[in-house]
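Student: Turn these sequences into a full structure, and let the hints steer you where they fit.
There are 2 protein chains.
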Amino acid sequence: MAQSFRGRKRQALDPVRIDLNGVFASTIGAATGIHPEELSSLRPRLATAVETLQAERKQGLHPFLDLPRERGPLGDVQALAEQIREEADSFVVLGIGGSARGARALASALAHEVTGGRRSPKLIVADNIDPASFAHLLDELDLSRTVFNVVSKSGETSETMAQFLIVRERLLRELGAMDYVKHIIVTTEADGGSLRQIVNDEGFPSTSFPGGVSGRFSALSSVHLLPVALLGIDVEQILDGAAAMDERCRNPDPEKNPAALLAGVRYLLDVLHGVPTAVLMPYCDRLVPLADWWCQLWAESLGKRVERDGGRLSIGQTPVRAIGAADQHSQMQLYLDGPADKVVTFVRVADAGVEVEIPRSYPDLEDVAYLGGHELGQLLDMEQRAMELALNKRGRPTIVIEVPRLTPHTVGQLVYLMEVETALTATLFGIDPFNQPAVEEGKRLTFGLAGKPGYEAEREEIERWLAAKLPERVV
Amino acid sequence: MAQSFRGRKRQALDPVRIDLNGVFASTIGAATGIHPEELSSLRPRLATAVETLQAERKQGLHPFLDLPRERGPLGDVQALAEQIREEADSFVVLGIGGSARGARALASALAHEVTGGRRSPKLIVADNIDPASFAHLLDELDLSRTVFNVVSKSGETSETMAQFLIVRERLLRELGAMDYVKHIIVTTEADGGSLRQIVNDEGFPSTSFPGGVSGRFSALSSVHLLPVALLGIDVEQILDGAAAMDERCRNPDPEKNPAALLAGVRYLLDVLHGVPTAVLMPYCDRLVPLADWWCQLWAESLGKRVERDGGRLSIGQTPVRAIGAADQHSQMQLYLDGPADKVVTFVRVADAGVEVEIPRSYPDLEDVAYLGGHELGQLLDMEQRAMELALNKRGRPTIVIEVPRLTPHTVGQLVYLMEVETALTATLFGIDPFNQPAVEEGKRLTFGLAGKPGYEAEREEIERWLAAKLPERVV
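Residue numbers (the numbering used here), protein chains in the order written: chain P, 1 to 475; chain C, 1 to 475.
Among the hints, a few may not be true.
Stated by the list, open to error - Output of the computed footprint for chain P on chain C, the stretches with three or more beta carbons under 8 angstroms from beta carbons of chain P:
{"hint": "1", "stretch": "52-65"}
{"hint": "2", "stretch": "165-177"}
{"hint": "3", "stretch": "277-286"}
{"hint": "4", "stretch": "381-394"}
{"hint": "5", "stretch": "427-434"}
Said to hold, decoys possible - Chain C stretches covered by chain P per the calculated footprint, using a threshold of three residues with CB under 8 angstroms from any CB of chain P:
{"hint": "6", "stretch": "15-22"}
{"hint": "7", "stretch": "349-356"}
It is worth saying that the hints were derived from the structure and are not from the lab.
This one's a predicted model, so the numbers in the text were calculated from it and none came from an experiment.
All residues carry an ideal CB built from backbone N, CA and C; glycine is no exception.
Tutor: As structure tokens, this is what we get:
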């Protein structure tokens, strides 16, 4: 047994570590591997990126960076969570994208940590408008014991507003005009458009979407901490973990700054080595929603078109979420033999917190006997290491994020690390990570089709385009 | 309202249609768009690919193509399903990759179709070895009312065998040596290695993995139809739909053959237009597991390294699964503004089978009022069309798969279409879609770490590699 497997329990110290051995030319060869000089050349830019981010932060430009230290709202969050725990069996987040994924990621990673105590409400994140799923959800709920949390930063997100309208009417009908208001908590910006006006008119309880924080960078705000707190998860520990990572990520020496190193490495792989696809592959089921959250963070923050040298340039890495070990039997063939355009970032959780021993049932059957006596978590670990080496041997870069154990503290570290890494990577590419200009056009076209006044031109455009489809190109 | 939205119900005829308007230069411009001459040049190769596949099929080379017409095993499948429905509250598939995803895809797409009648067992597909999830699953089950289906084509898959060993011992302990055998059904090849030997020794009920069918092409075999049948889903209709698609996909005229056209289009986009990333984006929650199944089919079948012109060439497109409308708020910014390296294939379900009207609650609030009176499914449709046009306007190729309604017959069509398309695309690239040679090395390295006799060299190699990791590259 290799030492790293014997030592699983002993490794359960706290800090999240990043192993970058698998990106260097000395490990994977010169074609896709980073040469140490490439990283040292980038060092001044990385240091400047860190310093600029921190300087802008002091000017109040990046409030997401200070969320871990803002403990003021926590009292309200805990009190509200306490009240909901008394009154509700189900808590349904109505939100989409950055209004939904943070809560789901944190809850999935940490719900197992809660032991003892009272039963918590069931958390449901309804982030789509498939009519079949949504109707099914509403039919299953006991509305008198359900609280809905309508989350929309702008207060105008069409999917969320549609959900809100449907839920509000259903509550009115089933619970009556005296009671329905208590079953909806609205989370929106202080000046959150129509939704804020509805709150003012009807008196729904409400909380604020933090000002100046874009949805995908809001995972550590009260927007997502409320649903997590009501599961009984220690949200202060999440923020403590994020604050600890903040200390490391403000270090102007890139070699001691995990966010800067990760940003630099992923940037160099893309720009110098033709590796534009970033796979995040946790070997842990509970981290799959965190990977989904990261896919949004990475895609929406870095997928940008910029004017440069008189022309237009499209920037962006494609994030892909994979799951170990399951996707070894699905995607790994492609990662190993397909184009060398991917960096696979494994997430290893050293201590699963559960031991499941594989029994030695068939000592004489060689295709089974070797499994006996290992723990299931060891087998998972061994498979991850085997994949890592197999990739490296074929010149495919790998990164390993080592998480000692899934706790609020380590998950807080992970979230903060990924957010800062994203912001620093954007700086290297010279783009703004906090906007999403391209999605506006799709919204306008939807408004046009839906008949929103002022969007008649869009309606005409999309109807003309639909009518121009050639039937002979439909088979 | 555009006609396509008014006409939703009327469209509910049966055949699955493919709209390729969004891949042509006339729609999206000459940079990424396909010129009609490119497709006509490819026509002879496409026709040959279809003819070769069908000729090889007649020689018995591709038994997966004949699964829809093999009705013989259906009687046994139905009888076994009937028996399990009597005896079990839960049916747990222990399998990974191609042994798991077909059943999950079919069940998710079709479970809603079952109405009335008896309660069916709960279907659980346990396709990972995360010890926390697996321990939790076993703790939640009433083992006396659970049947486990151990599925491994080779009979030697390490993850599945580990699950089997753990489950077998638990059953032995809790139910005793008289009864445990009845709670495990083994599905493996007729000569399925150690697992077949265990079946013979202990007398577990067993079914056969069809010979010559690789896991990811086995969705229409009894391996996956058994779990689907016991939910009460009409598996004959699935096969009928697949057989109907077979008729269309054997047509040697590529312009009338949906699988050939799709294969040709995705091939040309990759080879001539720099589009190696294939996004599958159903606007339907129930099709998400089908997209996961397709991601394996596409990645593992087409991700290959070949010897060509004296050198080695890596081939493969990266499949990405997205969900509409949720991923509009996550990935669409990248698809629109990022590198033009993706073709987005939307899946539209014309009739969701459920109507959820958005009430006209706030006629005077313009950011909400426009939603009132639409159905939720219409809003979803409008958003899909808006995204499609927004992508096309930026020169990004799109394909639309139109599904009239989710029924066993249409889902059978979809599965068969995707399988044949994959096989034809492999022919265009000159590769074998049915093997997965690269994953063998990872398996050998795992054997080494786990101490399997005969893999001492691999063990030494991986231990040496682990020991050589430089601590200064861990931050």
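Student: Now tell me, hint by hint, if it's right for this structure.
Tutor: Going down the list of hints, with the structure as the test:
1. Counting residues of the stretch 52-65 of chain C whose C-beta sits closer than 8 angstroms to any C-beta of chain P gives 0, which falls short of three, so the coverage hint is violated.
2. Taking a C-beta to C-beta cut-off of 8 angstroms, the stretch 165-177 of chain C contributes 4 residues in contact with chain P, enough for the three needed, and the coverage statement holds.
3. Coverage of a stretch by a chain is defined here by at least three residues with a beta carbon nearer than 8 angstroms to that chain's beta carbons; for the stretch 277-286 of chain C and chain P the count is 5, and the condition holds.
4. Taking a C-beta to C-beta cut-off of 8 angstroms, the stretch 381-394 of chain C contributes 10 residues in contact with chain P, enough for the three needed, and the coverage statement holds.
5. Proximity of the stretch 427-434 of chain C to chain P, defined as three or more residues with a beta carbon under 8 angstroms from a beta carbon of that chain, is not established by the 0 residues found.
6. Counting residues of the stretch 15-22 of chain C whose CB lies closer than 8 angstroms to any CB of chain P gives 5, so the stated coverage by that chain holds, three being the minimum.
7. For the stretch 349-356 of chain C, the proposed coverage by chain P is satisfied: 5 residues have a C-beta within less than 8 angstroms of a C-beta in that chain, meeting the threshold of three.
Hints 1, 5 from the list above are not met by this structure, while the remaining hints are.
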